[in-house]
Structure formats: structure tokens, C-alpha cells
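2 protein chains.
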Amino acid sequence: MKQSQLFTKTQQEAPKDEVAKNAQLLIRAGYVYKEMAGAYTFLPLGWRVLQKIKEIIREEMNAIGGHEMHMTALQDKATWVPTNRWDDAVVDNWFKTELKNGTELGLAFTHEEDIAHLMTQYLTSYKQLPFYPYQIQLKFRNEARAKSGIMRGREFFMKDMYSFSKNEEEHNYFYEKTKQAYTNVFNRCGIGDYTYLTFASGGSFSKYSHEFQTITDAGEDVIYINKEKDIAINEEVYTDEVIQDLGLSKESLIKAKAAEVGNIFSLGTKFSDAHETTFTNEEGKPESVVMGSYGIGPARVMGTVVELFSDENGIAWPEAIAPFSVHLISINADEQAEALYAKLQEDGVEVLWDDRDARPGQKFADSDLIGIPHRIVISPKTIEAGGVEYKKRTEPDANIISVEELLTLVS
Amino acid sequence: MKQSQLFTKTQQEAPKDEVAKNAQLLIRAGYVYKEMAGAYTFLPLGWRVLQKIKEIIREEMNAIGGHEMHMTALQDKATWVPTNRWDDAVVDNWFKTELKNGTELGLAFTHEEDIAHLMTQYLTSYKQLPFYPYQIQLKFRNEARAKSGIMRGREFFMKDMYSFSKNEEEHNYFYEKTKQAYTNVFNRCGIGDYTYLTFASGGSFSKYSHEFQTITDAGEDVIYINKEKDIAINEEVYTDEVIQDLGLSKESLIKAKAAEVGNIFSLGTKFSDAHETTFTNEEGKPESVVMGSYGIGPARVMGTVVELFSDENGIAWPEAIAPFSVHLISINADEQAEALYAKLQEDGVEVLWDDRDARPGQKFADSDLIGIPHRIVISPKTIEAGGVEYKKRTEPDANIISVEELLTLVS
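Chains A and B, in that order, give the protein sequences.
14 is the number of the first residue of the first sequence in this note's numbering; add one for each residue after it.
14 is the number of the first residue of the second sequence in this note's numbering; add one for each residue after it.
There could be a bad hint or two in this list.
Unchecked claim - Estimated spans, in silico, between C-beta atoms of each pair:
id : chain 1 : residue 1 : chain 2 : residue 2 : range
1  : B       : Gln18     : A       : Asn294    : 16 to 24 Å
2  : A       : Glu325    : B       : Lys90     : 35 to 43 Å
3  : A       : Glu189    : B       : Gln25     : 38 to 46 Å
4  : B       : Gln18     : A       : Pro409    : 49 to 57 Å
5  : A       : Ser17     : B       : Pro409    : 53 to 61 Å
6  : A       : Glu248    : B       : Val103    : 45 to 53 Å
7  : B       : Asp360    : A       : Asp101    : 50 to 58 Å
8  : A       : Asp101    : B       : Glu181    : 19 to 27 Å
9  : A       : Thr293    : B       : Gln193    : 38 to 46 Å
10 : B       : Lys90     : A       : Lys220    : 41 to 49 Å
11 : A       : Lys190    : B       : Asn180    : 56 to 64 Å
12 : A       : Ser17     : B       : Lys90     : 30 to 38 Å
Stated by the list, open to error - Result set (DMTMM-like, lysine to aspartate or glutamate): computed pairs, CA atoms no more than 20 Å apart in a straight line:
id : chain 1 : residue 1 : chain 2 : residue 2
13 : B       : Lys394    : B       : Glu363
14 : B       : Lys113    : A       : Asp30
15 : A       : Lys109    : B       : Asp243
16 : A       : Lys113    : B       : Asp368
17 : B       : Lys109    : A       : Glu117
18 : B       : Lys268    : B       : Asp243
19 : B       : Lys15     : A       : Glu81
20 : A       : Lys152    : B       : Asp89
21 : A       : Lys190    : A       : Glu72
22 : A       : Lys113    : B       : Glu156
23 : A       : Lys220    : A       : Glu181
24 : B       : Lys109    : A       : Glu111
25 : A       : Lys356    : A       : Asp368
26 : B       : Lys160    : A       : Asp89
27 : A       : Lys22     : B       : Glu81
28 : A       : Lys15     : B       : Asp347
29 : A       : Lys22     : B       : Glu289
30 : A       : Lys113    : B       : Asp101
31 : A       : Lys67     : B       : Glu68
32 : B       : Lys283    : B       : Glu156
33 : B       : Lys67     : A       : Glu68
Because the hints were derived from the structure by calculation, they are not lab data.
C-beta: ideal position from N, C-alpha, C; glycine also.
The task is simple: from the sequences and hints, build the whole structure.
The structure is reproduced here in C-alpha cells:
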């Protein structure tokens with residue numbers, strides 16, 4: 014894409030009311046626009062990043078047998094009464110609205126009730142089980158305060174998968190598979206080294222649930238990490254009993270602030286009991302289906318990446334989720350830049366060409382702020398020196414390489 | 014995909030309150046689930062179709078220079094006051110909700126105001142123009158009645174593109190390009206032959222707007238078609254003056270019911286005046302930017318396709334948007350079917366394999382209902398006859414062909 018065609022512009026300052034580093038940088042670089050606290054528009058650059066994260070999630074969910082679908086945001090009160098979660102005193106972050114005739118509706122903050130109810134239409138026999146529907150869909154949560162930028166939205170995308178199994182054994186098998194799939198997602202998004210499988214409160218149907226917590230000061234959680242075993246304990250269940258149960262010792266655990274980028278949860282039959290989501294078992298008797306739920310917030314991943322991979326000059330995207338792979342900057346060499354731009358695109362390289370009529374200093378500053386992994390400068394000086402100037406966003410030094418070397422490097 | 018892994022099942026009957034043929038068939042075949050009137054969940058089969066339609070739209074919008082982004086559903090009252098569209102007496106289909114602190118919010122039914130306001134952050138100079146952001150995003154409309162199935166939702170996806178141009182000439186050039194892009198979309202989705210560029214009311218800034226109307230009894234509009242010129246007039250502007258203006262005669266026009274699958278609209282400076290969305294022109298003076306808006310409803314396209322391409326046995330999808338290309342039905346030949354299933358997938362053919370332990374009659378009936386374009390039956394009988402039985406969903410006769418012939422046919 015030519016940068017001159019991008020309507021967004023970099024900004025010196027983020028809005029004064031924006032306190033989160035991730036949103037400050039993303040706003041300044043033209044990735045997101047703040048509609049209100051907790052609600053961000055994804056501008057073309059930001060949408061490219063978010064789509065890449067969503068695509069990685071999609072691939073990993075499909076690989077373990079997930080089937081994508083899409084449920085509605087508008088929710089019928091009747092669907093939420095059986096579990097008592099319609100009540101604002103029980104769930105304090107509903108957005109509610111109503112039809113013209115006064116019928117109350119809610120905007121889904123999650124979809125356990127909806128999918129448990131929906132499955133009563135389709136599930137009859139144990140022969141159909143297990144299955145794993147998921148969606149990547151908008152959720153709405155009426156947060157009293159929303160100060161974490163795109164890491165905690167009032168409106169945000171969520172990948173939520175639900176598992177339906179005939180018994181605990183079948184459930185546990187899939188639950189373990191999702192652990193690996195989640196690990197793959199966070200590795201591919203570049204935050205694997207900072208992300209820990211974290212033991213958290215399990216609710217009424219299992220001892221623990223598991224969170225994927227990424228170490229960052231921007232996180233809202235506190236966890237205790239054991240580096241050797243690559244696991245952690247959430248502060249909420251950090252007791253002598255749990256530490257012992259996991260075969261750990263207090264001395265081996267390091268306290269850290271972290272952001273929950275994913276979670277997996279055994280639901281047992283809590284929702285299927287409430288909605289009578291049953292199947293006929295091998296003995297011909299009705300039984301409640303065993304459920305699990307598995308969430309990842311793509312924008313929270315994106316915000317966490319920005320918190321982790323940025324410096325005083327801007328963002329430094331990991332390759333796999335960068336909006337473009339190469340940032341081509343031309344300085345008084347439009348013709349040569351155009352040819353290189355065409356050649357890179359021909360080779361399938363995603364390239365943003367800064368073709369604007371702007372000062373070199375502005376172009377360099379914008380490039381650092383936007384944070385594309387590979388920066389190429391082409392100018393009469395680099396051409397005379399034998400090619401282009403190449404610099405990685407994460408490295409301080411630039412050097413001259415030939416166009417052939419460049420193509421090998423980035424293709 | 015193996016059909017045994019699909020949690021959905023076909024149903025003999027649609028819900029009694031479902032009056033629209035498109036939704037009746039889509040519910041019965043397991044494409045959608047009705048959450049409430051006007052709100053449908055897209056099940057895995059339905060989501061595949063909708064994603065294909067969205068991808069066709071995306072490709073055509075990108076081809077004319079569109080840049081994808083994503084705005085929020087939650088809307089600030091302040092954004093809608095300048096055009097007076099916050100008022101429920103002016104816009105009668107808002108869903109409204111509120112923050113914990115009582116701040117009123119709306120759920121976007123369209124995004125003209127939002128994007129006009131957003132652009133005040135980015136637009137400064139004529140040098141940036143033109144540009145064409147678009148999104149494929151959820152819209153919410155509090156329809157008093159919602160009886161057209163997925164063709165008129167209270168919650169639905171909309172592709173909405175907005176053009177920003179420095180003057181009418183630049184605007185008109187893009188406006189004409191979108192006409193062709195829209196024609197491409199509807200041709201690729203299989204409804205081109207039934208879809209007419211239709212002259213409709215233009216509002217205050219242009220003589221006409223243009224709708225793309227597809228002939229179907231399920232439509233809510235009435236249009237007058239001139240087949241020779243391949244255009245139509247919406248009933249709302251069907252006057253002697255307009256007929257004459259378009260160089261037509263009453264005798265050449267045929268009345269028909271139609272569904273509006275897309276529209277394109279010149280907005281002039283209505284929204285940019287209201288939001289002071291200005292740029293500095295070549296003379297250094299501030300000027301309101303000229304806007305256009307361009308909508309397509311992917312689910313309305315999907316519903317219209319079902320209305321047009323279905324018979325007493327079920328749906329018959331056009332190839333480009335079918336959930337799968339081939340429906341493979343095995344009857345007592347699991348091993349041979351598995352090999353063929355693998356081979357087809359290897360060749361990149363999207364195939365749904367009915368591997369269920371079900372009666373042949375049930376499998377055939379389900380196949381007709383689901384409506385995948387190519388049906389293959391493999392059984393001891395077909396193997397003895399030299400291959401597989403092949404039938405198109407749209408043709409009455411089946412015949413035996415070899416596996417090699419099949420691969421040539423569908424690859």
C-alpha cells in the first residue's frame with residue numbers, strides 16, 4: 014500500500030484522557046481511533062493487525078477440530094434466566110436495551126447460555142459428540158471504568174469456543190488439546206516467551222481453570238510464576254494448599270503483574286443442567302452434556318504486544334502480526350522506489366511505501382512509530398552505494414545491501 | 014468436512030413463527046438458528062456461505078481502492094446530534110442503551126456521522142483525497158416488525174463504504190466505478206441476471222441515488238424494469254418526469270417486486286458540513302469534503318439467493334457461494350468414500366462427506382435440502398458400474414462417471 018493513500022496520519026499526542034500506553038501508541042501511529050473510553054475503531058493499519066491475529070487463532074482452532082459459527086449480540090432475557098445471570102445484581106456489566114414493544118434485550122457479554130440453549134435444537138445422541146463450535150465475534154461489557162486501552166473494551170472481539178462432550182474423560186482430552194493450541198497462538202503472535210499457563214479458580218465443576226497470563230506492567234492481574242515448570246498461579250488461588258497441590262514451593266515463585274490473554278474453563282454440566290441440554294447415552298438414557306469454554310481476546314493480545322514490544326520511538330511489531338512486513342521509504346528516488354515496490358509486491362511481500370512528499374526526518378520518525386519490522390530506504394545516496402539501506406526496527410544499525418540481498422531477506 | 018462432525022441436523026419443519034421462505038429453508042437445512050425475530054445465529058454451514066459472500070465483496074471493494082477498517086457499534090450521542098439523527102422521532106429504529114453513569118449510547122444503524130466526525134482527526138489537505146474506507150460490520154436496527162427472515166435483520170452485517178472526494182467531479186468518477194464493482198459482486202454471487210441498477214430518490218444533494226434491486230416476490234420494494242437498458246425505476250420516484258428524464262417510456266417498463274441488495278448514495282456535503290469535516294483546498298481555503306456512501310447487506314444477498322435458487326426439495330446454491338462444492342454420499346462403501354474424500358481434499362475441492370450411519374433416502378433428502386452444487390454417490394453398485402454416481406443439484410438426471418472424470422469436473 015502507498016502511504017499517501019492511507020487517510021490516517023501520525024500524531025504527536027494521544028488524547029489527554031487516554032492513560033494506557035498501548036492505546037496512546039496505537040492512536041498516535043494511526044492504528045485505532047478512540048470513540049469513547051473502552052470503544053475503539055480499528056483504522057486500516059489496526060484492522061490489518063487484528064485480522065492477522067484473528068487468522069492465527071482461527072487456524073489453531075480449526076486444527077483441533079473447531080467449527081466456526083457466529084451467534085448474535087442481541088440476547089433474549091429468557092435465555093439467561095435459568096442460570097440467574099440476567100439479573101444485574103448477579104452480572105454487573107450488562108448493556109441492556111429493548112424492542113419497540115418493550116421486550117427487554119441484552120447485549121451478549123459471553124455466550125454460554127445462548128449456545129447451551131441453541132444445542133437443545135440439535136443434540137440428541139452420544140453419537141454426535143464431541144463437537145467444538147467457536148466464533149470470533151463482538152462482545153459488549155458495561156465496564157464501570159475502562160482505562161486499559163484496547164486491552165479492556167466495552168465493545169471488543171472475543172474468540173469463544175465451546176466444547177460439548179459425553180463425559181469428563183472426553184472433555185479432559187479436548188481440554189488438554191486446547192492448552193497446546195493456545196500455546197501455539199501466543200507463540201505465533203510473538204508473546205509466547207512472556208506467557209504462562211496459570212492456575213486459577215475453577216468454579217463449582219473443576220479444581221482449577223487455566224488462564225494464559227502475559228507478563229506486563231499493564232496487566233490487571235497478579236500471578237506467581239515458576240519459571241522452571243513454565244507455569245504460574247493466579248493471586249486469587251495463591252494459598253499454601255494450592256502451592257503444595259501443584260508440587261511447588263513458595264521460594265520458587267516470582268510475583269509479577271500480568272494480562273490475561275486467554276482462558277480455558279471446565280463448565281461441567283452447570284449450563285446444560287440449567288438449559289436441559291441433554292443427549293441419549295449408550296444405555297438409551299438422557300444425560301446432561303459436559304461443556305467447556307475457551308476464550309481469547311484478539312485486541313487484548315494486540316494491546317499486550319504493544320505494551321511489550323515498544324520503545325520511546327514507537328511500536329515494534331512481531332513479524333507474524335505486523336500490518337506490513339516492509340516499510341519502504343523513498344527520498345528523492347520515486348522512480349526506483351516504484352520499481353522496487355512493484356518487485357516486492359510481485360514476490361508476495363507486504364509492503365507499505367512511504368511515497369509522501371514529506372521531510373526525511375518525518376518519514377523516519379513515522380516509521381519508528383508505526384513499527385513495521387523491516388525498514389528500507391532508497392535514495393540517490395543508497396543507490397550510489399550499491400542498493401538500499403536496510404534496518405530492522407528492533408536493531409540500532411542500518412547497512413547498505415543490494416536489491417537481490419533484500420529480496421532474499423524479506424521474501 | 015465429515016457430516017458426522019457437524020452438530021447441526023436437518024429439520025422437517027421450521028419454527029411456526031417463521032414466515033419467510035429464505036429463513037424456513039435455512040433453518041431446516043441447518044444454516045441458521047433463529048434467536049428471535051430478526052436475529053439469526055449463523056451455524057457452521059451458514060457462516061461458510063456468509064464468509065464467501067463477504068470475501069467476494071471485500072475483493073471487489075479492494076479492487077477499486079477501498080481500505081478495510083472497523084468502527085464501533087456503540088455510539089456517542091454527541092456524534093449524532095449535529096445531523097439531528099439522535100432524535101428517536103427522526104430515526105425510529107435506534108437501539109439505545111447506557112453506561113453505568115447514565116450516559117446515553119446508541120447502537121449504530123449506519124456510520125455516516127461516525128466516519129464524518131472521525132475524519133476531522135485525519136483530513137487536512139486536498140493532497141490526501143480521495144480515499145475510500147469501508148467495513149463489513151454489525152449494524153443494529155430496531156425494526157418494529159421483522160418478517161423477512163435473514164433479509165431484514167434487527168442485527169445484521171453490512172458492508173458500508175464511504176468515499177471522500179475534493180469535488181463533485183472526483184466524487185462522480187468513483188461513484189461510477191462502484192456501480193461496476195457492485196455489478197461484479199452480484200454477478201459473482203449468482204444473482205446478476207435478476208439484479209437491476211435502479212434509480213431511486215437522491216436526497217438533497219443529488220437527483221438520484223442508485224439501488225441494486227433483485228427481482229423476487231420476497232422483496233419489499235416495487236420497481237419498474239426496462240430490460241433493454243438493464244435499468245429500473247423505484248416506485249417511489251416513478252413519475253412521468255423521471256421516466257422522461259431517463260429517456261424511457263411507460264410502455265417499456267415492467268412492474269416487479271424486488272429486494273434491495275445494495276445501494277450507492279451521493280451525500281454531497283451534508284455530513285461534512287454538520288461535522289466540519291473540511292480540508293484545505295489548492296487555494297489554501299477550507300472546504301467541506303464531498304462524501305458518498307455505498308452499502309451491501311451480505312445476509313440479504315444470501316437470503317435473496319435462497320429465495321431465487323430453491324425448489325420444493327430445498328436450496329440450490331450458486332457455485333461461488335456454496336458452503337461446499339461437492340456433497341459426497343457414501344452407501345456401504347466407507348473405505349472407498351474415505352479415499353475419494355482424501356483425494357478431493359488434496360485437489361483443493363471443498364467437500365462435505367455424508368459419512369453418517371443413516372438411510373440412503375435420508376441422505377438424499379438432506380442433500381437436496383442443503384443444496385450443494387455437485388452430488389456424488391459412492392456405493393457397491395456405482396463401483397461395479399465403473400465409478401460414482403454424479404448429479405448436479407439443478408439437474409434432474411444422475412449418471413455414472415469415473416473418478417478421473419469427476420476430478421476433472423470439480424477440480
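Satisfaction of hint between Asp368/B and Lys113/A, Cα-Cα up to 20 Å:
Violated - the C-alpha atoms of Asp368/B and Lys113/A are around 46 Å apart, more than 20 Å.
Range first: 38 to 46 Å. Now tell me if the beta carbons of Thr293/A and Gln193/B are that far apart.
violated, 55 Å
Need the status of pair Lys190/A, Glu72/A: alpha-carbon distance at most 20 Å?
holds, 14 Å
For the pair supplied as a hint, Lys22/A and Glu81/B, confirm whether the alpha-carbon distance does not exceed 20 Å.
holds, 16 Å
Holds or violated: 49 to 57 Å for the Cβ distance of Gln18/B and Pro409/A?
holds, 52 Å
Are the Cα atoms of Lys22/A and Glu289/B separated by 20 Å or less?
holds, 18 Å
Please verify whether Lys160/B and Asp89/A have alpha carbons no more than 20 Å apart.
Within the cut-off at roughly 18 Å; holds.
CB of Asp360/B to CB of Asp101/A, is that within 50 to 58 Å?
holds, 55 Å
Taking only the CA atoms, is the gap from Lys15/B to Glu81/A under or equal to 20 Å?
holds, 15 Å
Is Lys15/A close enough to Asp347/B, meaning Cα to Cα at most 20 Å?
violated, 53 Å
Agreement of Lys113/A and Glu156/B with the hint, judged by alpha carbon distance not exceeding 20 Å:
Roughly 8 Å separates the two Cα atoms, so the pair holds.
Holds or violated: 45 to 53 Å for the Cβ distance of Glu248/A and Val103/B?
holds, 51 Å
The earlier numbered hints that this structure contradicts are 8, 9, 13, 15, 16, 28 and 32.
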